[in-house]
Every structure is written in C-alpha cells, then in structure tokens.
Amino acid sequence: MAARRPSHVLQAMTAASSIPCKPLRYLSKNPFTSSIAESEKKITPFRLDLAELGRKVQASEERRHTAFDLSRNIQIALKKSQVSMETEGGEEEEEKLEKELDCLVETYLKSSPAKDEGNGEEDAKDKKGSNRKPREANLSFRTEEFVRHKAFRHFLLQDGNGGKLLPPSALPLVTDEEYLAGACIGLSQDLAQYAVGRATVRDVKSVRVARDLVQDIMDQLLLFDFRNGPLRRKYDGTKYALKTLETILYELSVTGATLDDEEEKETKEDGPDTKRAKVESDAADAAMEVDKMEISDERIPTSELSSLRERMERRDEMREALIKRCRDGQKAAKQAIFALHRNDDTRASKLLKQCHQCITNDLLPMVEEEPGLRYGCFANVLEEYVEGKMFYAWLHGLEGEEEGNGMNEDEKKGEDNPKKGNRLRHRPRGRMLQPDDFHPIHLEPDEYIGGLCDLTGEIGRYAVQRGMDRDAPGVRLCLETNKSIMVAILTMERTPAGTGKKMGALEQSIKKLEKMLYELSLVEATGRNIATEVEDAVEEKNEENND
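Taking the numbering used here, I'd label the letters of the sequence shown as residues 70 to 616.
It is possible that part of the hints are untrue.
As the list claims (entries may be wrong) - Okay, the calculated beta carbon distance ranges per label pair:
# : residue 1 : residue 2 : range
1 : Lys91     : Arg301    : 51 to 61 Å
2 : Thr560    : Ser129    : 16 to 26 Å
3 : Asp171    : Thr429    : 35 to 45 Å
4 : Gln127    : Gly596    : 46 to 56 Å
5 : Asp294    : Gln577    : 43 to 53 Å
6 : Glu382    : Gly306    : 16 to 26 Å
7 : Asp414    : Gln144    : 49 to 59 Å
As the list claims (entries may be wrong) - Simulated crosslink set (DSSO-like; lysine-lysine; CA at most 27 Å straight-line):
#  : residue 1 : residue 2
8  : Lys149    : Lys233
9  : Lys91     : Lys581
10 : Lys570    : Lys581
11 : Lys125    : Lys571
12 : Lys552    : Lys580
13 : Lys303    : Lys148
14 : Lys303    : Lys233
15 : Lys165    : Lys148
16 : Lys571    : Lys581
No wet-lab data here; the hints were simulated from the structure.
Virtual Cβ for every residue (Gly too), placed ideally from N, Cα, C.
All chains, full assembly: derive it from the sequences and hints.
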C-alpha cells in the first residue's frame, strides 16, 4: 500500500506542470492566528508585527541625530569662546560669546529632568540636584568640555578669587562624573598647557599658582576609589600634568627666574625649586602645617568634594549589589530554558517567576535610582528573561489560555499512544509575545530584539528534538517561527544597533532547519532511516556535553 503523501508535497506535484515552480512556501497565509490544519495537524505560529517597535527605534534615532546637532553647536560656541580668551583686545567679544555659550548649555541642561542626589539627612542647601539619566549621543562628553572651560575661567578670576577650583555647587545640573572629568582632571591638563605660555614670559608666580592647585586636586583625587572605566583612565593624565608643572618650575629656577613678590615667596609651600628654611621650634612647624591646610582649603571646596566622594562610593556599592543580583536572575532564566528542553514545565515556570521577582523587586529599584546601571549586566538579565519567557509562551501559550494546543478529540486520544502521543503532547502553541506583554517590566527595543534573536536558537534546538521523533510538522513549525521572526525584524523601519550581529546566526539556523525538513521528507518517502541533520546535531550536542 502506497504511503500517503503530505498535502504540501501534493501541492508541489500539482504545481509542477508549470516549470520552473515557485519556491516552497514555508510561511502560512494567515499571519495573526494560531490553529491546526486538519490535513497535517500543523500549527500556524502567531506572527510578529514589530512595526510599532520599529517606529520607536526610528524616533530614538532621530533624537540621537538632534543631540549630535546640538553637540556640534555647543562645540562651535565653546571653541569661539576659547579663541576669544587668547585674542588681544577681545574682552567685549569674549563676554558676548561666553553669554551665548552659557545660554545654549543652560537651555539644554534644564530641558533634561533633574533628580535630587543628596542624602536625606543633609540640609537642603547642601543637596546636589544632578541629572543621572544618560545623555543622548555624545552630549555627556560635550558637557565635560563645558565644565572644563568654566573651571579654567574660574581659575583666571581677577577679583581675588583666582587660582581656585570651581565648586560643584556652581554647576548643579551636571553629573558627578562630568564634574570630576572636566573641573578636576581636564582642568589639570589645561593648567599644564597654561603654564607653558606663562613660563614663556617668565611668569613664575602664575606657574606656581597653577602647580599648587593641581597638587591640591591630585591630593583630593587620591582619596577616590576609581573603578575601571573612563574616569580611571582619565585620572592618569592628572599625574602627568603635575609632573609637567613641576618640570617647568624647575627649568625656570635654573635659568634664574624668581618670584617678584617677596611676600609670596615667604608664605608659599615647598616646591621643587625652593627650600624651606629650617624651623627650630616644633610649635612653629605645626603652625605652618595648619597654615598650609587652610590655604589648601581656600583653593579647594573640600566639604563639597567629600560629599561627592560619598555619593560615588554609594553608587559603587549599589553597582556591586546589582551585579550580584543580576547573576542570580540570569541563572534562574537560563535554568528555566534548560528545564523547558527537558519538558520540566513546572520547574521552568517557577524559575521564570523567580527571575521576574528578582528583576522587579531587587534590580529595577536600583536602576530607577541610578539609570546608568541599566546598560551592562542588567540588560543581559532582561535579554535572558525575554528569551526564557518567550520560549515558554511559544511552547505552552500564555497563562489562562485554553489548553490542548487546538488538538481535536482524536488527537487527544492519541496521547495515550506512546508512539503517536509523544509528538502531539509536545506540539507547541506558537504564541509570540510583544514587548507590552512583559509589563510591568519596560523593555528597550534592543533588549527585546536581543532576547527575540536568542529565542530562535532555542527553537532550533527544540527542532532537533522534534526531528529525532521524525516529527516533520513540528520541525516545519520551528522553521516557520524562525522565518517569521527574521521577516519581522528585517521589515522594521529601523532596527536597534547591534542587531546585525545576531542576524547571521538566525539565517544559518533557518538554512539548517530547511535542510532538516528536506531530509525528513526523504525519510518519509523512502520509509527507512537515513543520516540526517538531526543525527549530526545530536552528535555535536553529545560531544559538547562530553567535553
């Protein structure tokens, strides 16, 4: 008795009258329903519609381009103001350009929502309101340049306040990191370059003032525990700036340059070019040390920098706690995926709920307080959670949906048959989740797309299991799902940055599933077992487990 041919094979044979035939249609006609075709007991997966997500990515990209334009305008205004400072007779033009720059930057900084960072026990006047939300494009770098410029102008004040460090309270709308990078580290490098110009005209006093301020900045920075990152790399430049200033003072001293002001000469601290006279009295020596500390406190806003350091230490502690909890959440999501492959649905559901609670109860409060922590390990946890929850929904649907995968009565009876029931019992529902289905967790487009692309890998592994049971409809469902995901991503108005890295793996997965489906058709046509992609995949998996 001849074996019954599947309907898609019959359709292909019927269409063979017109050569060449059209490509085999793997995707179903109805893109938004999930049902089983009676002829083949085949489920049509819920098709993804990512048009709205694409529009969000496009809007974000437009904001990014606008931010780049604003950054360029700030850069131009900043450069004009800096050039006017070096132009003779340009005092009026300098003031005009400085006001334009201040207006431009202040308008931008005030347009971003600020949040209070002060300790609740501190007085309101000591609290520092700072915008902790990451800035668009390269505006954070541009803000650092602006802070650096303002700190240099503050150093040059001629009203008796010159030679001092700009306090953080003077720039309430910048972040602590931007202040340190600009007003401390960046200023030190500017003062080293400033000293070169003043040394050219033998101005030892100005060079010494610059050296003293950089030395005080260095002493303050040594109190910070900079972790690996941009600030840690920039910090090294402060040491080189101080060395440059000391070298310039030494070179001036050996060429005969001296201080014009004898009073300045008597009260200044030790330098590489002078030697302090010995003090016979210990009391006088202690008094001189106190005087030096008082002079340093006048140049440096010590109390404000101490508060800034405490805030950064608290954020470092929060970051360490977040990293630890992220490991727990990511581990739960990964184990849930492994449990789904082992058909341990109860454990998978429990682990996914555990991951969800970890994100909502532990991680999200930290990220809301410090938005910069969202990028990195927290984003990886979200991707893993998205992958696990979407895989669960694809296999079993959403909680509360009607069970049975749309099987008719004859199919449900087949569950008692160990040979036939195994295929039907594990046939997935094909449900695909949208970003809104993860509420109350808000997903960024790149986090959702990252988890969606990783889902295709799990579906490919599931297809190998279906192929081992010679379940061609199950493999076809996996292929159709992955194709639907690829089409949904490629037809987005714009995709998040980094998506292209995962599309190559998705395309390879689709090719393997097509080859697997072809080889299963050979098995069905010949009625005997042959070497297929399924056996190769199983052997590779066993070798990986043995290793």
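ask   = So which of those numbered hints doesn't the model satisfy?
value = The structure conflicts with no hint, since it agrees with every one listed earlier.
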